[in-house]
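Those sequence lines, one after another, are chains A and B. For the first sequence, counting from 1, position 26 maps to 26 in our numbering; every step adds exactly one. For the second sequence, counting from 1, position 212 maps to 212 in our numbering; every step adds exactly one.
Don't take each hint at face value.
Chain copies aren't distinguished; within one or between two, either way the pair holds.
[Claimed, not checked] Cross-link-like lysine-lysine pairs, in silico, DSSO-like; alpha carbons within 30 Å at most:
#	residue 1	residue 2
1	K233	K300
2	K264	K300
3	K244	K313
4	K265	K73
5	K73	K301
6	K6	K244
7	K313	K258
8	K247	K300
9	K287	K244
10	K264	K287
11	K73	K313
12	K265	K300
13	K6	K313
Hints listed in this document are in silico derivations from the structure and should not be mistaken for laboratory results.
Each chain, written out:
2 protein chains.
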Amino acid sequence: MTPVEKWAEQVRAGEVRAVSRAITAIENHAPEAEELLRLLFPHTGRAYLTGVTGAPGTGKSTLVDRLAAYHRKQHEQVGVIAVDPTSPYSGGAILGDRIRMQGHAGDAGTFIRSMATRGFLGGLARATAEVALLLDAAGKRHVLIETVGVGQDEIDIVRLADCVLVVMVPGLGDDIQNMKAGLMEIGDIFVLNKADREGADRLEQQLLAMMSLVMPRDGWHPPVLRTVASENKGIPELAETVAKFQKHFAASGERERKHVEHWKKRLIELLESRLLERALGGAGGEKRLAELAAEVAERKKDPFTAVREILTKSGLAN
Amino acid sequence: MTPVEKWAEQVRAGEVRAVSRAITAIENHAPEAEELLRLLFPHTGRAYLTGVTGAPGTGKSTLVDRLAAYHRKQHEQVGVIAVDPTSPYSGGAILGDRIRMQGHAGDAGTFIRSMATRGFLGGLARATAEVALLLDAAGKRHVLIETVGVGQDEIDIVRLADCVLVVMVPGLGDDIQNMKAGLMEIGDIFVLNKADREGADRLEQQLLAMMSLVMPRDGWHPPVLRTVASENKGIPELAETVAKFQKHFAASGERERKHVEHWKKRLIELLESRLLERALGGAGGEKRLAELAAEVAERKKDPFTAVREILTKSGLAN
């Protein structure tokens, strides 16, 4: 058994340190991560991915925390990937393993990992997708992916999920409401959190009014659920609604279609990184790129000619 | 003279319809757009790009409007690219040419174009960069690029600019303040707009406190300027500060370094799209990709093996 084969066995057994080490390898785009994922791949496809998104301040983390606790009480293993919005541009928290949900510390059935929103080689969406595969192989039946609902990157991430929860709270300003418009289209279930706050009724009415304009997909009308996550209110009902959604789409083929779309995109990304490696990976490739970029910046050469030169040099021109 | 050569001449002469048609070609990734940009490229590099970013509701559009009017009074030609946040996911406004700034309607010296945040072939950052080149070739000495300051895409766009203005207003909640943290690092000049509102002094103090933690770049300490754009207050001072910034960095070589970095990234993107075209562009390429994605989704094949097959088939395997 090779070291990577042994590592894969440990991941499949759910050993926390092996899983942690694998995530770090994925984050760093380390060569062994690919071999590991290749070995683990046939053992994936069993986890149900729930994406949780919403503006900052909507209480997503607490909600995810309580959902995780709910599943643990049902003796189901849970993985949590928190795409960390606290450091979006500095990259300081990239490798930090923040144990945020103190209640789960020491519970081997819950694996929690924070990921910063910047600095990943090959993109955060790729890294998140690979970490989700890994947790799937490690036997986590529920993988919860938490992101702040802003920006294309994070929309891409949340689209990985089988079911998307959009979290809203009463009392955020109109500017925030404007940002939410796009979230209407990706939400499978809407969560009205902090529902004990003033304005909850009005927000629910607004949501229902907006949703009446959205076409139901395959007979699913996205419901609005009220929760007070900090007091654990509405959590079982939310988990049951997710289960209902899962059941609804198990028959329709929608989930399969979504997965094929996902893999099309991922195969293209992989192709791109392979081909770029060949075009620029050789000795002097990076240096040649920098020289050409300087010539283009000085308008000595146009970018299309520069790219043709790289392709010719690397034997990839046709 | 070929039709594209004639088109390029018209763009260089600043003919509005030729420029409009070129932007549409860029947005659609039409083959003639590349030929056009290749012809125009030697005539670019003279425009100064100012990025304007900030949360929704900070009054960026009005500010951009007033800056454009200011430059026009100086008899300088202006181009405005507004990356439209109103329809981030539906794609409905993609090709819409929205004349938003009524004051400039009919003024041939100001060219305004809105771009939606989704649905661009090859990415919005690419399209924005190419439209900026086009406006540059069309003789616009000032190109103002307006984006909502959320998400990686838009950060990438604003990074195109030679000078980045970050717009803030008093009275947005703490949640918004949190999102702003990352903007601190990309701002060259901070604009405290709606400065007649309550809380302006407190926000200015917070900004200055935050900025004291950020290292000045090449001797430039990002200043905080107060404006009331809707009443045209503080606009000349802002334009002069941008000019001061431009002068400050003209000597230091920082702008050149930024441009070389930009072109490195753009050359990589171009390479990727060229290579992908070769790997998947042939007859049956798309169909083969869909079949492989389905096999991967069913776990009949791992993604790495699938990609190797595509490369072998297209003669790109090494």
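Could you tell me which of the numbered hints above are not met by this structure, giving the numbers in increasing order?
1, 3, 4, 5, 6, 9, 11 and 13
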